[in-house]
Every structure is written in C-alpha cells, then in structure tokens.
Amino acid sequence: MSHLLSQLQLAPLPPQAEALRSQVKAFLAEALPSAAARQRARSWMGFDAAFSRKLAQRGWVGLTLPAQYGGAELDAFARYVLVEELLAVGAPVAAHWIADRQSGPLIAKFGTEAQKAFYLPRICRAETFFCIGMSEPNSGSDLASVSTRAQANAGGWLLNGQKIWTTHAHHCQYMIALVRTSGQKEDRQAGLSQLIVDLSLPGVSVRPIRDLSGDAHFSEVFFDQVQLGADALIGQEGSGWAQVNAELAFERSGPERIYSSIVLFDLWLQVLRQGGERSQAATVGRLSAHLATLRHLSMAVTARLVQGESPVIEAALVKDLGTEFEQTIPQLIAACTGPGGTSALELELAATLAYVTQMAPSFSLRGGTREILRSMIARGLDLR
Amino acid sequence: MFAQALEKILSDHASGAVVRRIEAGQADQGLWDSIAEAGFADLLRSEEQGGAGLSLPELFPLLVCLGRYGVPLPIGQSFMARSLLPDWPDLPPAAMVTLAPVAVRAIDGSLCCPSVPGGQVASHVLTSLDGKLLLLDGAQARRETVGDARSLLAHLHWDSVRPVCERDDATPALLACAAALTAALISGSLHRALEMSLAHCNTRSQFGKAIGKFQAIQQQISVMAQQVLAGSLAAQSAFQGTGSTPSLLAAAVAKSRASEAAAAVAASAHAVHGAIGMTDEFDLSLCTRRLHEWRAQYGAELYWNTLIGNEVLATDRPVLDIVRAL
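The listed protein sequences correspond, in order, to chains A and B. By the numbering used here, the letter at position 181 of the first sequence is numbered 181, and the numbering carries on one by one without gaps. By the numbering used here, the letter at position 232 of the second sequence is numbered 232, and the numbering carries on one by one without gaps.
Simulated from the structure, these hints should not be mistaken for lab results. Do not rely on the hints blindly, as some may be mistaken.
[Unchecked claim] Computed beta-carbon distance windows for the label pairs:
1) T342(A) - G147(B): 20 to 28 Å
2) Q307(A) - I276(B): 53 to 61 Å
3) P137(A) - S15(B): 41 to 49 Å
4) A216(B) - S310(A): 57 to 65 Å
5) D321(B) - T342(A): 58 to 66 Å
6) Q23(A) - G131(B): 42 to 50 Å
7) Q307(A) - D321(B): 51 to 59 Å
8) S15(B) - G308(A): 39 to 47 Å
9) A314(B) - A351(A): 22 to 30 Å
10) P66(A) - G39(B): 49 to 57 Å
11) S15(B) - A26(A): 37 to 45 Å
12) G131(B) - S343(A): 39 to 47 Å
13) S15(B) - S6(A): 22 to 30 Å
Every residue, glycine too, gets a C-beta built ideally from N, C-alpha and C.
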C-alpha cells in the first residue's frame with residue numbers, strides 16, 4: 001500500500017470531543033440569529049461580529065489556544081465538533097474564523113511571548129479579527145512569486161506592495177501577510193517572511209471587491225510606505241514559506257471543505273420531505289454516503305494533526321474531494337428542478353440554490369486550486 | 001497477525017496464474033484448502049466455539065487482503081457465514097459457504113437464488129427466506145452459469161427446500177454482511193489498481209520521460225488516489241464496533257461508496273496503462289474484472305443509494321445528525 005494512503009486510517013472522534021456537541025447544539029438553539037437559508041448558505045463567509053463575541057463569551061473562540069492566553073486549550077478533535085456544528089446550521093462565523101483556525105495557532109506556535117500576550121487574548125475574546133495576505137495581482141497559484149516587500153529599517157520594517165482576494169480584509173484589524181524581506185524574486189521561497197500588519201496604520205488602504213453574487217467577501221489591500229515595528233515579524237525572517245506550509249494542513253482538511261453547501265442540502269431534504277417526494281432518494285443517498293465518507297477522511301487527517309504531524313498532502317487530498325462534493329450538491333439539486341414550486345420552502349430553495357450555484361466555483365479556488373493540489377498529491381504518491 | 005498469515009498463504013497460492021485458473025472454472029491448486037486448514041474459516045466464531053473470536057475491525061484487513069489478490073472464490077463469504085451461524089456446530093472447516101441474500105420460491109416449491117457469487121463452486125449457500133436464515137447444500141443445486149465472463153457467478157436452483165440448517169430471520173444481517181464484505185474486497189482491489197498504475201507511470205516512458213511526469217497523468221492518478229481512499233475508508237467504516245455483523249446503513253454507505261470508486265478507479269487504471277492493460281497476459285484485468293464484478297455483487301450504487309436516501313427522507317433530522325449516527 002502506498003505510504004501516503006496507509007497513513008490515513010479511520011479515526012472516530014473521541015468521547016470527550018463528542019461531549020462538546022450537545023453543548024454546542026444547545027447554544028446554537030438559543031444564540032443563533034434567525035436567518036433565512038439563503039443567508040445561512042454563506043457559511044463561513046457570513047460575517048457577524050456580535051455572534052462571534054457571543055461564541056467567545058462561551059469560551060469557544062480560540063478553542064485550541066493555551067489557557068494562559070484565554071484559550072480553551074482543547075484539541076483539534078474538539079474544534080472539529082464545534083466547527084461542524086456551526087457550519088451545519090450556517091452560523092455566521094467569518095469574523096473570528098481565520099484567527100481561530102490559523103492566525104491564533106500560528107502566533108501561539110511561532111510568536112514571541114509579547115506577541116502571544118498581546119494578540120491571543122484579543123483573538124479569544126473575538127475583539128480582534130485577522131485576515132491572511134497571500135495572493136497578489138501577479139501571484140496566485142504561484143505563491144512563491146510574491147513581490148510585496150518589507151525592507152528592514154531603523155523603525156522595523158517598511159512595507160510596500162499589494163495583496164488581493166483577501167477574505168474580509170475590510171472587516172479585520174490585522175493581516176498576517178507573506179512578503180519578501182530579503183533576496184530577489186528569483187530566490188523564490190527563500191527570503192519570504194510573515195508579518196503581522198495593523199490595517200489601521202497610515203499607508204494601508206483596503207478596498208472591498210464586489211463578488212459575482214453581489215456580496216463583498218474579499219478585498220484588495222494596498223501598502224504604501226507603511227512603517228511597521230520590528231515586532232511585526234512573526235517567527236523567523238526568511239522562514240515565511242515553511243510557516244505558511246505548516247498552516248496549510250489546518251487550512252485544508254477541516255469541515256469547511258465539506259460543508260459549504262450543507263445548508264442548501266438540508267433545505268432540499270426539507271422540500272422533498274414536505275412534498276412526500278421519493279423519486280430523488282438515490283441522489284439523496286449518494287450525497288449522504290459521500291458526506292459520511294468525507295467526514296471519515298477529514299477526521300482521519302484531524303487525528304494526524306492531533307498527533308502533532310503536518311499531513312499537508314493528505315489534507316490536499318481531502319480538500320479536493322470535499323470541495324468536489326460541495327460543488328456537486330448545487331449541480332444535482334439544480335438538475336432536479338421542476339417547472340416551478342410555489343411553497344415558501346420551495347421559493348427559499350430556489351434563492352439558496354441560486355446563491356450557492358454562483359459561489360460554488362470558489363470552493364475549489366480558495367485555499368489552493370484543484371489543479372495545484374492534484375499535482376501536489378501526485379508528488380506525494382511518489383510519481384516521479 | 002492473522003492478516004500476515006493470510007497474506008503469506010495468498011502470496012504462495014494466489015498468483016495471477018492461479019486466479020486465471022479459478023476464473024476458468026478449474027481447480028484452485030490448493031488455495032482454499034490452505035486457508036481452511038490454517039483455521040481461517042472459523043475466525044468470527046467465539047473462542048468457546050472453536051473460533052478465533054475475531055471482531056469486525058480485526059476481520060477487515062483479512063478481507064482487504066483477499067481483495068488485493070483478486071481471489072474470485074467466496075472466501076470472504078465463508079468467513080462471514082460463520083459469524084451469521086455462530087452456534088452451528090457441524091459446519092466443517094472445509095465448507096465453502098457463499099452468501100445469497102435473495103431467494104425466490106416458485107409456485108412448484110422450487111427455490112432459486114439468483115446471481116450468487118461463487119455459486120459455481122460453493123459447497124454451501126446461506127440464504128434468507130420467509131423469515132428464516134437457511135443453509136443450503138450447494139451440491140444439491142442445479143448451477144446455472146450466469147454468463148459473466150471469467151466469474152464464478154451462478155443462478156442456483158433447488159427442486160425443493162431442504163435446508164441443512166435454519167435460524168430465525170436475519171435478512172438485514174445477511175444482506176449487510178454480504179454488502180460490507182464486498183466493500184472490503186473492493187478496498188483491497190482499489191489499492192492494487194492504484195499500485196499497478198503508479199508503477200506503470202513511473203516506468204513507462206514516452207516523449208523521453210516517464211509518463212508520470214505529465215500533468216494530465218498526475219491529475220488522473222491524484223483523482224484515482226482520492227477514490228481509493230474514499231472507497232477504503234467507507235468500507236472500513238462498516239467494520240466498526242463490537243457487534244458481530246455490520247449495521248445495514250453502515251454497510252449501505254460502504255457498498256455504495258466503494259462501488260462508485262470501483263468503477264472510477266478501474267477506468268482510470270486502464271486509461272493510464274494504455275494498450276498493455278487490455279491484454280490477457282497482463283495482470284491489470286484480473287484486478288479491474290474483480291472491481292466491476294464486486295461493484296455489482298450484492299447491489300451496486302443505485303440500489304444502496306436508494307435505500308440510504310429513503311432512510312434519510314423518512315426522518316426529519318439534519319443530514320449531519322443522520323450520517324454521524326451510522
């Protein structure tokens with residue numbers, strides 16, 4: 001058996017993680033703002049700072065962060081349960097999402113004591129939101145070609161350049177940006193570093209970009225002679241590439257790569273049940289079987305993360321399969337559309353389907369495109 | 001431990017040449033006897049009943065191993081049958097039992113089990129009829145070859161029903177066992193197909209380089225690996241817990257997902273192998289023939305998906321809560 005594939009074994013969630021589930025369900029029953037399915041379908045793109053703070057008050061933002069900085073100090077299994085319950089009902093989690101998933105753990109792992117003491121409690125209280133500055137106008141899949149540059153100077157770092165497609169940058173206080181701090185573009189991965197950029201500083205301008213559904217979920221961010229302190233550097237100078245890659249396993253394997261269309265799917269089930277419609281049972285069954293299997297895959301990767309490993313290739317594999325499932329749901333539901341339903345539920349289904357259909361292409365773009373992931377997976381399988 | 005022992009027997013006795021002989025309806029050259037003599041037939045029986053007391057999670061790798069070698073005999077069925085008849089004392093170790101979840105009784109009292117895997121060679125057939133689980137004598141049956149090339153599939157007919165043994169109904173258990181074991185066999189075969197494909201892509205050279213260096217191939221292999229993993233984990237998920245048989249819904253998910261993967265992986269494996277994969281001599285077809293055969297065995301995707309879908313639609317719970325409980 002290929003080494004890569006043998007690494008992924010069935011790993012059910014441990015009981016202590018499952019114990020969190022009923023608490024999360026009870027909390028959501030009470031605290032989730034009532035919203036139409038078409039709104040809840042925004043999933044982890046739905047931004048609601050007040051909801052994030054309610055979650056934080058419950059102790060559920062920064063779930064895996066150390067208790068001394070305000071975190072719950074639970075493992076990735078517990079976070080898995082929390083996240084899948086949030087996504088399953090379409091809770092608006094975007095405000096704290098990136099900080100909780102990536103920026104917080106990154107700071108906890110690579111940050112100085114001062115950085116941890118400053119940022120982590122603010123993240124855990126859902127006061128401070130983070131975005132990730134990766135893509136640039138000329139650096140998409142070829143991320144190592146980033147040209148935004150931070151020059152070391154007496155004050156710390158002088159930042160110039162531009163990021164684009166940054167999710168919710170216009171709502172966030174901080175960006176963790178991958179920038180060039182030494183060497184030239186030809187040096188590729190060498191000379192890249194991660195900097196924490198305070199987006200309120202002079203010289204930073206953030207412009208939301210309207211997306212094809214009419215929302216503005218991403219932005220472009222310009223840096224014009226932005227003076228950052230020396231303490232903006234997170235981790236080692238020149239280690240940005242390695243640090244970014246360490247995050248990728250967390251970014252790519254979670255339930256958010258399975259559940260982006262789940263609100264739509266559950267709504268469709270409601271419509272079918274309401275109408276006593278059984279002719280689509282096979283499609284329902286197929287999607288349910290896929291969901292059950294994807295959960296097993298995703299939990300298997302989570303188990304590796306809990307063991308302190310960095311299963312980047314395995315995470316890429318799960319993301320590719322998971323996002324394909326997310327994209328299949330609107331396709332199959334659309335294919336089942338009749339000449340017109342009139343119930344309130346059916347009208348809501350049509351609106352939700354329209355939204356998810358438009359956004360579905362992004363599922364396999366964000367976090368690394370399908371084509372790039374597949375090349376990575378092939379290398380991981382020792383295809384030489 | 002058991003898996004290693006089985007692997008050893010299979011590597012000694014289940015070469016491509018032996019599998020081809022079995023497919024052609026010839027003797028298995030001692031393969032089944034070696035397995036029976038090693039005591040594998042009673043794996044699922046409790047230790048008090050002379051078995052090994054193997055749990056479902058422990059059984060899974062054995063079935064995967066059988067799948068890897070593409071053995072067309074109903075060996076997995078023989079293992080499973082013992083768990084369905086735990087207190088049946090007189091079933092000899094050498095009894096090759098296949099599972100036939102579907103039985104139809106005609107008006108004249110005769111009985112037919114359609115499309116029975118290994119039906120051409122099984123000594124016994126475990127089936128379900130009128131609320132009873134019946135063990136039938138294969139030697140008494142008229143065996144009608146179904147016509148599938150190079151399989152041991154047969155329609156079995158008995159003029160009258162005289163079971164060797166009977167129990168109260170366990171139809172869902174019989175069907176669930178049959179589906180789950182086939183999913184496990186598929187899992188082994190999926191891995192084998194991927195391994196053969198990887199080896200071929202790394203050695204076959206065109207345009208001056210290994211074909212595995214081409215992105216078109218890499219993309220195809222990557223998708224194949226995803227299907228292999230999905231099919232395998234789905235199969236494994238039916239072999240969880242402390243029960244002696246898988247639940248029907250877990251088996252349904254396993255069989256549906258593994259069957260879907262089987263079709264996709266067989267197609268990709270042939271695509272990357274090119275013409276050599278189409279030859280009788282090359283072993284790929286042993287693997288892909290099993291994938292297609294096992295995809296259909298005990299119901300393919302549509303059958304199981306419909307069953308799952310009706311279960312999902314019969315409740316008013318969110319889909320996550322349903323699949324979590326599988």
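Given the hint of 22 to 30 Å, check if A314(B) and A351(A) actually sit that far apart at their C-beta atoms.
-> This hint holds: roughly 27 Å between Cβ atoms.
Indicate whether the distance between the beta carbons of S15(B) and A26(A) respects the range 37 to 45 Å.
-> 59 Å, violated
So does T342(A) sit 20 to 28 Å from G147(B), Cβ to Cβ?
-> 51 Å, violated
Range agreement (Cβ of S6(A) with Cβ of S15(B), hint 22 to 30 Å) = 24 Å, holds
For the pair Q307(A) and D321(B), does the Cβ-Cβ distance stay inside 51 to 59 Å?
-> Since the Cβ atoms of Q307(A) and D321(B) sit about 28 Å apart, the hinted range of 51 to 59 Å is violated.
Would you say the C-beta atoms of Q23(A) and G131(B) sit inside 42 to 50 Å of each other?
-> For Q23(A) and G131(B) the Cβ distance comes to about 44 Å; the hint holds.
Should the hint that P137(A) and S15(B) are 41 to 49 Å apart at their CB atoms be regarded as holding?
-> 59 Å, violated
Verdict for S15(B), G308(A) (Cβ pair) under range 39 to 47 Å | 42 Å, holds
Is the hinted range of 39 to 47 Å satisfied by the C-beta distance from G131(B) to S343(A)?
-> 42 Å, holds
Given the hint of 53 to 61 Å, check if Q307(A) and I276(B) actually sit that far apart at their C-beta atoms.
-> The hint (53 to 61 Å, Cβ to Cβ) is violated, given that Q307(A) and I276(B) are roughly 41 Å apart.
Given a hinted range of 49 to 57 Å, is it respected by the beta-carbon distance of P66(A) and G39(B)?
-> Between P66(A) and G39(B), where Cβ atoms are some 53 Å apart, the hint holds.
Pairwise beta carbon distance, D321(B) to T342(A), judged against the given window 58 to 66 Å | 29 Å, violated
In the structure shown, a violation is registered for the earlier hints numbered 1, 2, 3, 4, 5, 7, 11, in ascending order.
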